[in-house]
Amino acid sequence: MAIACVREVLIGSAVPYTRPGSSSAIGKSAVAGAVAVDSEGLAGDQHGDPRVHGGPDKAIHCYSWSHYQTWLQELPGHARLAQAGAFGENLSVEGLDEHSVCIGDRCRIGTTMVEVSQGRQPCWKLNDRFAVPDMARRVQDSLRAGWYLRVIAAGHIRAGDAIVVQHRPFAQWTIARLLALIRDRTCDPLALREVLALPLPAAWQRLFAARLHSGCVESWQARME
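So the sequence shown is residues 0 to 224, counted in numbering that gives the first Met the number 0.
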């Protein structure tokens, strides 16, 4: 069943960023035609900090175009919101958001097969990009953070391609529910054991396992400030 489509495909190059020694490819631009996709993501797309961006579990970042109208209500006239790519997304999508996408969803997009791997944990680069000191916190609190895909079968994706969900093994685990566990500082053992049973990337497994074992929430300062 087609439940959404790709509005735009976007890529970016790594360039020096706002803080000393930093680099980022958060600035994405739309590309025309079919774009090749493999396990590392879209052809021509780069990552400024490979320690925390890119890799098979973060091959493609998706963001709902519908969020832009909501952001414009909160940040009226903000120039970054005039076109897709403001949040560093690779696929600007219509018809999907964090409340309708689930961990483990396997989808056909164009000739590519992908799987929803995780949500996004926003970082300070959004603060600087929008010149809004708490933008990362706003993104996290709103759950309008986007989600990542891993590539199961390489192929091509272009604007207008349908997004067809072919398998949904964890229908109760939307991206919004997962992100809310982080936002709400959840340390409930039952909830944490349940989420640790999901096929999450190692970094997310470590985060929730640490909460379970310590009963404490990780610091967000380095990530968000």
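By construction, these hints were calculated from the structure, which means they are not laboratory data.
Keep in mind that a hint or two might mislead.
Per label pair, the in silico range of CB-to-CB distance [claimed, not checked]:
1) VAL14 / ASP183: 32 to 40 Å
2) PRO15 / GLN68: 17 to 25 Å
3) LEU74 / ARG50: 27 to 35 Å
Predicted model only: the values in this text are computed from it and were never measured.
Note that the Cβ used here is the ideal one computed from N, Cα and C, for glycine as well.
Now the hints, each set against the structure:
1. VAL14 / ASP183: 32 to 40 Å: About 35 Å separates the Cβ atoms of VAL14 and ASP183, which means 32 to 40 Å holds.
2. PRO15 / GLN68: 17 to 25 Å: Check failed, 32 Å falls outside 17 to 25 Å.
3. LEU74 / ARG50: 27 to 35 Å: Given a distance of about 29 Å, which is inside 27 to 35 Å, the answer is holds.
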